[in-house]
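Peer 1: Take a look at the letters that make up each chain.
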Amino acid sequence: MPRFSLSRRALGATGLALLARPGLAQPAPIRIGELNSYARMAAFAVPYRNAMQLAQDAVNAAGGVMGGRRIEFVFRDDGSTPGDAVRVAEELLTRENVAFIAGTFLSNVGLAVADFANQRKRLFLATEPLTDAITMAQGNRYTWRVRPSTFMQTKMLVEAIRGRNVKRWAIVAPNYEYGQSAAANFKRLLPGAIPGAEIVAEQFPALGRVDAGATVGALGASRPDGIFNVLFGADLTAFVREGNTRGLFERRTVVSLLTGEPEYMIPLGEETPEGWIVTGYPWEQVETPPAHKAYVDAYRARFNDTPRKGSLLGYVTVQIIANLLNKANSLDNEALIDALADLRTDTVVGPVTMRGLDHQGTLGTWVGETTLRGRQGTMKNARYADGADYLFPEDEVRAARRSA
Amino acid sequence: MTLLSADGLTKRFGGVLAAKDVSFALNAGEMLAIIGPNGAGKSTTFNMVGGQLKPDGGRVTLAGHDITGMPPREVCRLGVGRTFQVAQTFLSFSVLGNVQMALIAHHGQTRRLLAEASAMHREAALALLDRVGMAAQAGRPIGELAYGDVKRVELAIALAAAPRLLLMDEPTAGMAPAERASLMALVSAIAQREGIGVLFTEHDMDAVFAHADRILVLVRGEIIARGTPEEVRADPEVQRVYLGHSGTRAAARARRAAHG
Amino acid sequence: MEWSFLLVQALSGLASASSLFVIASGLTIVFGVTRIVNFAHGSFYMLGAYVAVTLVPWLLEFDRSPWLFFAGVLVSAVVVGLFGVLMEVTLLRRIYRVPELFQLLATFGVVLIVQDLVLLAWGPVDIPGPRAPGLRHGVYILDQRFPAYELFLIFVGPAVLALLWLLMHRTRFGVLIRAATQDREMVGALGVNQAMLFTGTLFLGAALAGLGGALQIPRVSANPQMDLSVITEAFVVTVIGGMGSVPGAFLAALLIGQLQAFGVLVFPKITLVLVFLLMAAVLVVKPWGLLGRPEAAAGRAVLPEGILDPRPLDLAGKLLAAVALLGVLALPLLDAYAVKVGTEVLVLALAAFSLNFLVGNGGIVSFGHAAYFGLGAYGAGLLVTRAGLPMEPALVAAPIVGGASAALFGFFVVRLSGIYLAMLTLAFAQIAYAVVFQWVEVTGGDNGLVGVWPSAWAASREAYHYLTAAVTVAAIVFLRRVIHAPFGATLRAARDSAQRADAIGVDVRMHRWLGFTLAGAAAGLAGGLYAFSKGSIDPTLLGIPLSVDFLSMILLGGIQSVLGSIAGAAAFHAVKDFFMPLTDHWRLFLGLSIIAMVLIFPRGLAGAWASLRGRAA
Ligand SMILES: Nc1ncnc2c1ncn2[C@@H]1O[C@H](COP(=O)(O)OP(=O)(O)O)[C@@H](O)[C@H]1O
Ligand SMILES: [Mg+2]
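Protein chains in written order, with full-length UniProt numbering: chain A, 1 to 404; chain B, 1 to 260; chain C, 1 to 617.
Isolated chain A, as found in the complex (with noise of 0.2 Å):
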């Protein structure tokens, strides 16, 4: 159920700001600011924010941080421009006082609220943009990617297919940095994987406006024996019901980028292909550790609803962001990066480390093959791929932040 999502500053403006307030004994709560596309990403982003108000819920109730303080985040939608979001981002540090600010989902926005966050020297936790220039080319000090960035989950794919006799490949990927980079990630791992394998046809639909129909014709034209897909949401059904009908998936090895999490799983529905290599998030199959159940457990309890992709990522981050407090027991920035560097921290998918060289998390995701349960897709043959086995080589970090 979407629903409206009152902050403090509109309580504070129908003037009910004091009772919302805590009462004086407490020690004022840490504020932390986070901002994402809730209006325009709501899919992904509402169940993030929810996981994430379970989860501080969760460690206010254990003692809170640093000593008895409690959590509290300040939800904000980024309006997903870079503009928009970097205003918000000034807002939050300057009205609400937030110690520092994570979120955002889309790269363009991510790396925006990066450099922002690099010119007030304050923590930016970018949770979810993919995009790989975020901890290399782009990266800064003050800014930390919790997701397995385009590069790793690509990596995790290729893996999944090393040795395969498949070697004519067609790749189909939205048209924007995040379809790009992973295409050119899957060509640059594609020959170590396969030798003598090729790339025989490209297509990059503009986003959101997938001609199908064409699309699916001209990969079926070039013969390919495998098909590397990025595409997702909207464009993804279309992509697959076209595909499905006009038999371009028969016979042919799929390999697809977030195909497994929940967030696009569920659109498919019925026509969730068979057999497709994917990375995802099979909830209902995760077994360790222990911790991920009662997680699960609590937030289909007080949503009502499934978890996504967004949730884990959500529940995950305040968990490290707990960890991170208690660890530096201070609200100095500096401080604090000092202390994300390679913090490792004990979350419900097991441990999750900041990597301190490149400021990459190595929270991992699942590698499996999609199929269809009843109505519903999900992932059969699933395992955890750990983050920290597919992280960038450290030389090739070294050689892309220099130059930052």
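Any given hint could be a false lead.
[What the hints assert, rightly or not] As a list, the in silico DSS-like pairs of lysine-lysine whose alpha-carbon atoms are at most 25 Å apart: (1) A/K187 <-> C/K269; (2) C/K269 <-> A/K167; (3) A/K187 <-> A/K167; (4) A/K121 <-> A/K327; (5) B/K54 <-> C/K286; (6) A/K293 <-> A/K380; (7) B/K20 <-> B/K54.
[Stated by the list, open to error] Among chain B residues calculated to face chain C with C-beta under 7 Å, some are: (8) P72; (9) R73; (10) R77; (11) R82; (12) Q88; (13) F90; (14) S94; (15) A105; (16) Q109; (17) T110; (18) R112; (19) L113; (20) L114; (21) A115; (22) G143.
Simulated from the structure, these hints should not be mistaken for lab results.
This structure is a prediction, so every number in the text was calculated from the model and none was measured.
Glycine included, each C-beta is placed from N, C-alpha and C at the ideal position.
We have chain A; now place chains B and C with the ligands onto it with these hints.
Peer 2: Using the frame of chain A, we list chains B and C with the ligands on its own:
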């Protein structure tokens, strides 16, 4: 000397031949009327002279310069002012502003970025308005004026270019009879005093026979008769095709007025 | 390449063309009769899909028959048609008398509202529709498999065209639609019940959009981004075909369908911009589209929309301006965030003012003004990040880049007029957007470039605020001066009557071109200032949404006022900044605010101020 000459002007709109081989000449200080029924091609001929339309064939010469197919702005700069059948003014400007705008354009000052337009050429504009009897209305928005008054202002705008030739397409359409007579008298006085040639069309035969030095009769794009008012009036073809009774009576009235 | 493949690719193109035509025909009919550029048409399309994915599965529960499927699709279309009636009766009917641009703004408000209502009603998750019973399979065409449903779609377009032809020629309603399209005043004179005609037209137009959306459900899932993804293409089709011409829309849809089907083979990366290149090319050659007619001659005795004879500021106006200026200077006394917002308002005010220099003063309605804003930002940003220059020369370069690109595009733009001119500015803006978006090596693509920060002396929020204030106020004062000067007056004169301006010796095109260039330079300067206030540049600075924001600002402020657009920029930004932190559904409130302002202040804030003063006096 010949101020304006049109030679073999021809214009076709799809299947309609709006003007066919129209030729005439006009001297400085002379008033030449084109008459003819609606759709005869009068406005088309005007527009070919003024540059609003490019002729399909023929030549227009102004004081020896070939101006065939020149755009209106260049024709204007060579000394041609005009009014339109449906008055064309700057509706968002005041009466005075309209004339000032025309003067600014005439002096080639339209690209100035810093001067105050409303302070430029005030006196000259007021003088022009005074000549057409509109000085009292100078401050009003032009949209508020009666249509006849708009036509007077349009004349002032046309005069702002200090023209050698005035083109006036139905200058008195939409006016009361008394207004018509006074406007035509005004035009003819200006033309005589300043040696301006005037080409005009009119449906009001009183005005035509009272003020035209010569008359062309245009029917279905062709000139069927030309000459002095007396000659045209006497032409049996013209009487049959166009003038009929009302024209003959108007011509008679004009003759009496001229003699009386 | 094999023949069978080319054939099937052509069929894919025909299927897209058919869908596109169904949508565009509704848009073109509504425009023809009401002269409203209906941004909300895409919203009707989206509603059609959402209603259908709700209704059709329910119907198919009874019996999985093709008939029930198509009955569901048709009912969805009718339901959406009723939404169209609702919009006409509750909103458009109240604003037929306000300037045309305001109607456009109101429909844009509807777009924002519908976006959030759809999210509230159906949630953010895409909803897949059922496939059409009996048409689920693929059929073999030579050796290629082709979806049966798309084969069916190919016939829908011509069928709709035929039905519309019958409607237009065999019914009284249709004859009235045609008459109104050709001459709106004539219908008024005939004493026809205009309200009924307009309501009926909106029903028809919205139902066609809804039909287009409902027919898509076996192909794409209903999703909250559908509206904007279709509206630009629908506009392109109507414009290429000629606004108001249904056969023209059909022809244009065919062209675009094939262009896309084969375009992906040759230029797989620039399909987005191919259609805009086609539109620009068509408009340069045929200024009224393929089958459109020139708009009825101007020069009627109605006051033009836009700035009337500008007068010097009266005492109250001077006081207001002084208070505003003092407020701007005193912002640092408030808090840091107020300074930030104040800086942005100043920048937006300059951008909006430069747009109103075109729209209000010149009658040149640009739908793509953000292009020059964004190109100015890129000009400055690239100099800093790529050439390593400091802020000062970069800020000098920004208006030069904005002006030069405006000069380049404007050369073609000023040859057109009215809605076609607006659409050409949109096409050029999209082309500029595509260049910035695709030229990754130089521009950083959609990620943009970061590190565009001011020089050390202007690095603090306050210092940069004062720098911005000095530059924008100077630029606005200069542009205002130009409006009062002969050049500004000449642009107004050409707007009022191009024929008269020409006849007094004005080179209308040249002056419009210079005006376009000057406005582009001012927008470019604003863009440069914006880039340094944000620290980054990215393609959204050239995007349609920002262009629409600029239009909204000048309309809210009042295009007939010289200084109104400044108030409009401040009001628009303040409303957005107020609602964004309050709720995820800030677009709903922004849309409602826009509509409220259009209804309450149909002449903008400046108009309201003027009538307030008029009443006081
Ligand atoms: N722009 C045009 N397009 C098509 N036909 C035109 C146009 N202008 C004039 N005509 C036609 O040319 C003929 C002459 O028109 P016009 O010169 O306006 O006549 P008049 O001024 O003598 O009444 C008419 O048949 C008219 O319909
Ligand atoms: Mg005429």
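Peer 1: Next, verify each hint and record whether it holds.
Peer 2: Quick rundown of the hints versus the structure:
Using a Cα cut-off of 25 Å, the hinted pair A/K187 and C/K269 holds, with the two alpha carbons roughly 17 Å apart. Distance restraint check for C/K269 and A/K167: the Cα-Cα separation of roughly 24 Å lies within the 25 Å cut-off, and the hinted pair is therefore satisfied. For the suggested pair A/K187 and A/K167, the alpha carbons sit about 12 Å apart, so the restraint of at most 25 Å is met. Proximity of A/K121 to A/K327 is assessed by CA-CA distance (about 20 Å); at most 25 Å being required, the pair is judged to hold.
Of the pairs offered as hints, the one joining B/K54 and C/K286 holds, with about 19 Å between alpha carbons and a cut-off of 25 Å not exceeded. About 18 Å separates the Cα atoms of A/K293 and A/K380, which keeps this hinted pair within 25 Å; it holds. Using a Cα cut-off of 25 Å, the hinted pair B/K20 and B/K54 holds, with the two alpha carbons roughly 14 Å apart. This hint holds: B/P72 has a C-beta 4 Å from the nearest C-beta of chain C, less than the 7 Å allowed.
For B/R73, the shortest C-beta to C-beta distance to chain C is roughly 5 Å, which falls under 7 Å, so the interface hint holds. Checking B/R77 against chain C by beta carbon gives a least distance of about 5 Å; that is within 7 Å, so the hint holds. Because the beta carbon of B/R82 sits about 6 Å from the nearest beta carbon in chain C, less than 7 Å, this interface hint is met. Against a cut-off of 7 Å between C-beta atoms, the interface hint on B/Q88 holds, since the closest Cβ of chain C lies about 4 Å away.
Because the smallest distance between the Cβ of B/F90 and any Cβ of chain C comes to about 4 Å, under 7 Å, the interface hint for this residue holds. Interface restraint check for B/S94: the shortest CB-CB distance to chain C comes to about 6 Å, inside 7 Å, so the restraint holds. Annotation: B/A105 was flagged as interfacial toward chain C, and the flag holds, the nearest CB pair being 4 Å apart, inside 7 Å. Satisfaction of the interface hint for B/Q109 is found here, the shortest Cβ-Cβ separation to chain C being roughly 5 Å, below the 7 Å cut-off.
With a least beta-carbon distance of about 4 Å to chain C, the hint placing B/T110 at the interface is held under the 7 Å criterion. The criterion of a C-beta within 7 Å of any C-beta in chain C is met by B/R112, whose closest approach is roughly 4 Å, and the hint holds. Because the smallest distance between the Cβ of B/L113 and any Cβ of chain C comes to about 5 Å, under 7 Å, the interface hint for this residue holds. Look at B/L114: its Cβ gets to within about 6 Å of chain C, closer than 7 Å, so that hint holds up.
Look at B/A115: its Cβ gets to within about 5 Å of chain C, closer than 7 Å, so that hint holds up. Given the 7 Å rule on beta carbons, the hint for B/G143 holds: about 6 Å separates it from the nearest Cβ of chain C.
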